[in-house]
Amino acid sequence: MLARIAQELYWLGRNLARAEFTARVVDGVFQVELQGQPDAEPGVVLGWNELLAMLGSGEEGERVQRLEALQRLTLDAKTRNSMVSSVERAREGARTVRDVISADMWEAINTTALTLRGDDPSSWLAPAGPYLACKYIKERTALIGGLGDRTMLRDEAKSFLDAGSFIETADMVLRMLHVAFPPNADAIEGGGHALALLQAVGGFQAYRRAVPAPPNARPVARFLLFERAYPDSVAACVDSLHDALESADPSPRNSEPVLRLSRLAADLDFQRRTLADSAEIGATCEAVRDELVRVDADLADRYFAGAARHRGTTVV
Amino acid sequence: MPPDRRERENARVESETLTSDDQEAYAPRAPFRDELFDADGTPRPAAGALIAGLGRLGREGLTDAGRRRDAIFLQQGITFETAGENGPSRERPFPLDLVPRIITGAEWHDLQQGLAQRIRALNHFVDDVYHGREIVREGIVPWQLIAGRSHFARAVHGIRPPGGVYCHVAGCDLVRDSDGTWKVLEDNVRTPSGISYVLENRAAMARLVPGLFGSYRVRPVDHYPQLLLAALRSVSPSADSEATVVVWTPGPLNSAYFEHAFLARQMGVELVEASDLVVRDDVVYMRTTAGLKRVHAVYRRLDDDFIDPLEFRPDSMLGVPGLVRAYRAGTVAIANALGTGVADDKAVYHYVPEMIRYYLGEEPHLENVRTYLLSDPEQLEHVLGRVGELVVKPTGESGGKGVTIGPAASDEELARLVVELRAHPERWIAQEVVHLSTVPTAGPDGRLHPRHVDLRPFAVFGERIDIVPGGLTRVALEEGSMIVNSSRGGGSKDTWVLGGEDGDEPLDATLPEPLPPALPDLRYGGWTGQAQQQQQGRAC
Chain A
12 MLARIAQELY
22 WLGRNLARAE
32 FTARVVDGVF
42 QVELQGQPDA
52 EPGVVLGWNE
62 LLAMLGSGEE
72 GERVQRLEAL
82 QRLTLDAKTR
92 NSMVSSVERA
102 REGARTVRDV
112 ISADMWEAIN
122 TTALTLRGDD
132 PSSWLAPAGP
142 YLACKYIKER
152 TALIGGLGDR
162 TMLRDEAKSF
172 LDAGSFIETA
182 DMVLRMLHVA
192 FPPNADAIEG
202 GGHALALLQA
212 VGGFQAYRRA
222 VPAPPNARPV
232 ARFLLFERAY
242 PDSVAACVDS
252 LHDALESADP
262 SPRNSEPVLR
272 LSRLAADLDF
282 QRRTLADSAE
292 IGATCEAVRD
302 ELVRVDADLA
312 DRYFAGAARH
322 RGTTVV
Chain B
39 MPPDRREREN
49 ARVESETLTS
59 DDQEAYAPRA
69 PFRDELFDAD
79 GTPRPAAGAL
89 IAGLGRLGRE
99 GLTDAGRRRD
109 AIFLQQGITF
119 ETAGENGPSR
129 ERPFPLDLVP
139 RIITGAEWHD
149 LQQGLAQRIR
159 ALNHFVDDVY
169 HGREIVREGI
179 VPWQLIAGRS
189 HFARAVHGIR
199 PPGGVYCHVA
209 GCDLVRDSDG
219 TWKVLEDNVR
229 TPSGISYVLE
239 NRAAMARLVP
249 GLFGSYRVRP
259 VDHYPQLLLA
269 ALRSVSPSAD
279 SEATVVVWTP
289 GPLNSAYFEH
299 AFLARQMGVE
309 LVEASDLVVR
319 DDVVYMRTTA
329 GLKRVHAVYR
339 RLDDDFIDPL
349 EFRPDSMLGV
359 PGLVRAYRAG
369 TVAIANALGT
379 GVADDKAVYH
389 YVPEMIRYYL
399 GEEPHLENVR
409 TYLLSDPEQL
419 EHVLGRVGEL
429 VVKPTGESGG
439 KGVTIGPAAS
449 DEELARLVVE
459 LRAHPERWIA
469 QEVVHLSTVP
479 TAGPDGRLHP
489 RHVDLRPFAV
499 FGERIDIVPG
509 GLTRVALEEG
519 SMIVNSSRGG
529 GSKDTWVLGG
539 EDGDEPLDAT
549 LPEPLPPALP
559 DLRYGGWTGQ
569 AQQQQQGRAC
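Just so you know, the protein sequences line up as chains A and B, in that order. Heads up: the first sequence begins at 12 in the working numbering, then just goes up one per residue. Heads up: the second sequence begins at 39 in the working numbering, then just goes up one per residue.
Hints in this document: simulated from the structure, not taken from any laboratory. One thing to keep in mind: the hints can contain errors.
[To be verified] A few chain B residues facing chain A, derived, Cβ under 7 angstroms:
| id | residue |
| --- | --- |
| 1 | Ala109 |
| 2 | Gln113 |
| 3 | Gln114 |
| 4 | Gly115 |
| 5 | Ala302 |
| 6 | Arg303 |
| 7 | Glu308 |
| 8 | Leu309 |
| 9 | Asp314 |
| 10 | Thr327 |
| 11 | Ala328 |
From the three backbone atoms N, C-alpha and C, an ideal C-beta is built for every residue, glycine too.
Modelling step: build the complete structure from the supplied sequences, incorporating the hints.
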């Protein structure tokens, strides 16, 4: 398949995942922010400014109010990582590859973008806050993903699409952990917004079933990093990403990104077993993030004919 | 009263509910020919069942189907962009009118013969221009005229593509005069577009107003992509296995991108941009996730000028350097061939009937619209005298750009035009005004009004010439307007060619004589001469 098309598909997957995660997080933070901190202990902190920093949409050291942040993250087409921008970018990408993805999937993406544009975009926010818009995007991205799974041929094209969405999910979760657990914070004992964090990524129920411990900062972080059984955890995403690339590559045994991912998966598994409870989780997150950035570069070199890093993609 | 006449009368009565509140039936506009109704407002024989079907649907049904159509087209992204009043462009659903146009099997049979004949002659002409120039030597077409065209491609002189086919895809614009004869308004043998709308229109009609198809046996159109793929494969220079065919688009910002993606998807081939193609050692490859892959045939949807910065416009960002070298080496087929633009020039158009007589030894089946070449001083004087009655067009333009319709122009415009014509007569042609036929077209309220139409059938030339039944009917949605381009307020209609015992005859498929591929003429007396020179050089 064409290198350019593979790259477009990869970024289509990333943009859709980014839109979905932004919607989840905005919804989660909105609920948390309305109420105060649950207790006085230091712990996970989740607020609008953290969120903007995480998505790379805020200026350095800038403090913004709730309404302003909401505007920027949901329906502002000028903010690069607002939900609408991600959906619009996905639509542009899908338009370019509409001969590769299935017609059902294209129509679903197209209608999502057109509905969000709507006649009166502000009606999405008033009066119930971002709930309507977030719910709509969560549902539509699930629909688009489902349609893709059911209607697309499981060939290279699907593999690159999936690869994009897995790497983006892993990246978003890592970024969220990075913001919520500053790397210099000493052993975190309290809960803080850990519960909210879980709810924001949509993993609360899964956590309750998988982990007996109360949702305090540390077990939550471990869950989001290492729990293979939870599909949006970093370890699960790395596994799936590895599988997607392995099936896309004609010779996976000497493929740089596949090898790198095998190593990373093994590493995560090893840390899950050996990481002491008191060790700093922030450092692990940093290391995994760096590794994923290298995977992204390897991908471009190997499959996308060394195409220049896509516009507006690396968010620091 | 004979039974079929009675049926048509009934249909007329039923259709009146559709056309008016005040008992006034649909009135064709004299002197134009209406394709569904006689001059007295009775449905034509072939249209009876359709008119009755429209009557059953009623105005409500028609407007309702129109709303569903817009929703579906928006959802599927079958849109085109129009510049909004304040800046950003808006996407609008492609305007499809729900009343189809009907062409009987017998009429289509004649049209098909005429088109095939015309395309064969044009193909011969392109071959001749870049090789022997026989038609120039015979004094039929002046060489100055050909060489002066902006589409004359010096770079491809002497190259003969496989099978001697240049015009793989052709679309002629036809109009129907008030006496019912079909006339050719324009030939398109570069990159005619619109076929995707023909297919999408048919699919939408079957979904929105299935009742209208009723008892008709409408001939299908959806085999076009397969025809095109087969034609491209048949001209590909590939010895082993299946030829790799690609569709080359200038990019998603092009207004016809929808069509490019549509054709690639329907044919199951890759849609490439310039950055995907690369030429190594005179062979064309595309960049894939598994390295370079050889390409055998390119269906290109951009003009000659942009195709190769080394041979044509050096500032082209859309081109592939070295493509023309590969083409000259015969390792890749390009459709349509380079340099076909000389054949669809508006000044060359005038000579097409002569070409048919000269190359094929036949009388043309399809007439031209009477055309005046302004480079001829006598004709120029004649035209200047009647400039208010004629249509004046710039040569070498397309899409209705720069056309002045005499009867509709203001005195000031005409005065400016006269000055321009005197200054550069060779850049213009003048044509008699044609009375475009009309077809009933639904207004926003579901009432039918006569609107002017033209027709662009699409032909595919590979091992033989295939013409898809019907083609794109474009309709001017403004009352009285004759400008049908969708960029300027035109819409389209589904075109029904009726199947019948007389309509299914195979085409008269005489091919051009298969000519062996030729290398460019060499100076100094061809190959032998050059070999001698080299030997002389060595002897020194």
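Status of each hint after checking the structure:
1. Ala109: violated (10 angstroms)
2. Gln113: Cβ of glutamine 113(B) sits 5 angstroms from chain A, so the hint holds.
3. Gln114: holds (6 angstroms)
4. Gly115: Holds - the Cβ of glycine 115(B) comes within 7 angstroms of chain A, reaching about 5 angstroms at its closest.
5. Ala302: At about 5 angstroms, which falls below the 7 angstroms cut-off, the nearest Cβ of chain A leaves the hint on alanine 302(B) intact, so it holds.
6. Arg303: Hint holds; arginine 303(B) Cβ to chain A Cβ min 4 angstroms, cut 7 angstroms.
7. Glu308: At 5 angstroms from the nearest chain A Cβ, glutamate 308(B) passes the 7 angstroms test, so the hint holds.
8. Leu309: holds (5 angstroms)
9. Asp314: At 5 angstroms from the nearest chain A Cβ, aspartate 314(B) passes the 7 angstroms test, so the hint holds.
10. Thr327: Cβ of threonine 327(B) sits 4 angstroms from chain A, so the hint holds.
11. Ala328: holds (5 angstroms)
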